[in-house]
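Q: Sequence:
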Amino acid sequence: MKGLCVCVCVCVCMTVCVCVCLCADLLPASGGEEMTRGFLQELVGILLGFICKSNQRSSKVLDFHHPHQLKEGLEGFSLDLPVQPETLEQLLVDCRDTLKYGVSTGHPRFFNQLSSGLDVIGVAGEWLTSTANTNMFTYEVSPVFLLIEEALLKKMRSIVGWADDEGDGLFCPGGTISNLYSILLARYHFYPEVKTRGMGALPRLAMFTSEHVIITRNSTFLFTEHVYTFCLRGKIIPAALETSIATAKEKGLVPFYVNATAGTTVYGAFDPLNAIADICDTHTLWMHVDAAWGGGLLMSDRHRMKLEGIERACSVTWNPHKMMGVPLQCSAILVKKRGLLQECNKLGAQYLFQTDKPYDVSYDTGDKSIQCGRHVDVFKLWLMWKAKGSDGFGSQVNKCLENAEYLYDQLQKRTEFELVFKNKPEHSNVCFWYIPPSLRSLPPGPDRDRRLHQVAPRIKGRMMEKGSVLIGYQPLGTKVNFFRCVFSNPATQQEDIDFLLDEICQLGADL
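Numbering (mature numbering (1 follows the signal peptide of the UniProt record, and there is no 0)), first residue to last: -19 to -1, 1 to 492.
Simulated from the structure, these hints should not be mistaken for lab results.
You may find that some hints are simply not true.
What the hints assert, rightly or not - Pairs of lysine-lysine, DSBU-like flavour, derived with a Cα cap of 35 Å:
1) K338 with K136
2) K380 with K367
3) K380 with K230
4) K216 with K230
5) K405 with K41
6) K136 with K176
7) K176 with K232
8) K34 with K380
9) K216 with K338
10) K81 with K287
11) K34 with K394
12) K81 with K369
13) K441 with K81
14) K318 with K136
15) K405 with K34
16) K367 with K405
17) K380 with K369
18) K338 with K380
19) K287 with K230
20) K380 with K135
All chains, please: the whole structure from these sequences, using the hints.
A: Set out below in structure tokens:
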């Protein structure tokens, strides 16, 4: 592409050439309107081409190259930062190459992550958000977006099951931060003196969760101790939770927080929320529900009963960028007690949050967040909700779980595969092993497990080199590496699931 003249028609009477022009020729440069229009029209063409290609099954999910290959440069693609400005033409080439060597997460055969798909309305919302380029911390700089956030949070809290006059919330940069908020709020709720006297003034605190790396990480940030209570499918066992609470108290710890998970990352398991809520009520503990992955099921009349009891939670994490297919990032922390976010995080910095502004300053959200300024993550969700309606989101969720059931049924029929669990999946996660011909006659045991452990990584490597499909794998507990297929992309059809299984068999036939 380098050296090729790029001319763009911006209207019937004018064509602009970007091959020798620089960013200094764009707005706000004098007379830069037409060049800006031409450059952005060319860029939009690149983005539209990528969006269309992402939905073509004949296209690759990824064009894989090792890190050293991308660092060394491929066909003129260079990561080096120049001293002198490059032309607009070269910038357009860089944009094309960045998409070419990236991963097409909107491809119907991308099964690798909990967040996938490429919703056109969501993309439009993200484009507008970047164009507005504002900050979600005061009403004066973000009036419409803050009101949109308020409307979304109110709607999401009502779907959880809280009363209209209850609750608060914020959109956060991902589920990790949303979950961190929940721990901060629980700690402040029981020990408000932590804000002025620090952790040294508090007893040794204990928190409880099913196995959850994010909760563990956040506990290390806050110097709290933690206890795991879970069963083989990653669910909290209520009786074990009771025992763990008693054990913690015997050790001199003070229990204060329980994280229940609605939709675990690997198995898609749902903790028994009502039973956990009963225990939290008995021991006066803060109950948080991490529904980052499973929260989308609340949109489905068919599946929302899997989160029965979520309305009893003190706080909830819900990531619309997962099951609801909103472009990354879009994550909310919902809090049942109104005003607690402000009390917990407010520092009243007068140089940021003046109280004598000419509007109701309660709409300024910066002082109730831990980061002050926030990216606008709400508009794309609001626009998608307008486009689909609640019923549309529900149908989208239903389809994803139907795909999971179809995969589960196919795996039961095919002798080349073994399910990690025989029961039907609760969510859209389906976990399984591919058994290559060389292992099918081996009896269960350490030797078979050792060899089976190597199968998924080998197939994944070949899969990435070929670029035809992408799926994740992992070990968990005593279980050797297995594939985990998740569905959150409404573009995926049954033919893509059949292709996935056939491709795994083809790539692993000689192992």
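Q: If a hint holds in the structure, say so; if it doesn't, say that too.
A: Status of each hint after checking the structure:
no.	hint	result
1	K338 with K136	holds (28 Å)
2	K380 with K367	holds (20 Å)
3	K380 with K230	violated (45 Å)
4	K216 with K230	holds (22 Å)
5	K405 with K41	holds (31 Å)
6	K136 with K176	holds (31 Å)
7	K176 with K232	holds (26 Å)
8	K34 with K380	holds (23 Å)
9	K216 with K338	violated (49 Å)
10	K81 with K287	violated (40 Å)
11	K34 with K394	holds (33 Å)
12	K81 with K369	holds (30 Å)
13	K441 with K81	holds (20 Å)
14	K318 with K136	holds (16 Å)
15	K405 with K34	holds (34 Å)
16	K367 with K405	holds (33 Å)
17	K380 with K369	holds (14 Å)
18	K338 with K380	violated (48 Å)
19	K287 with K230	holds (31 Å)
20	K380 with K135	holds (26 Å)
The structure is inconsistent with the numbered hints 3, 9, 10, 18, although it conforms to all the rest.
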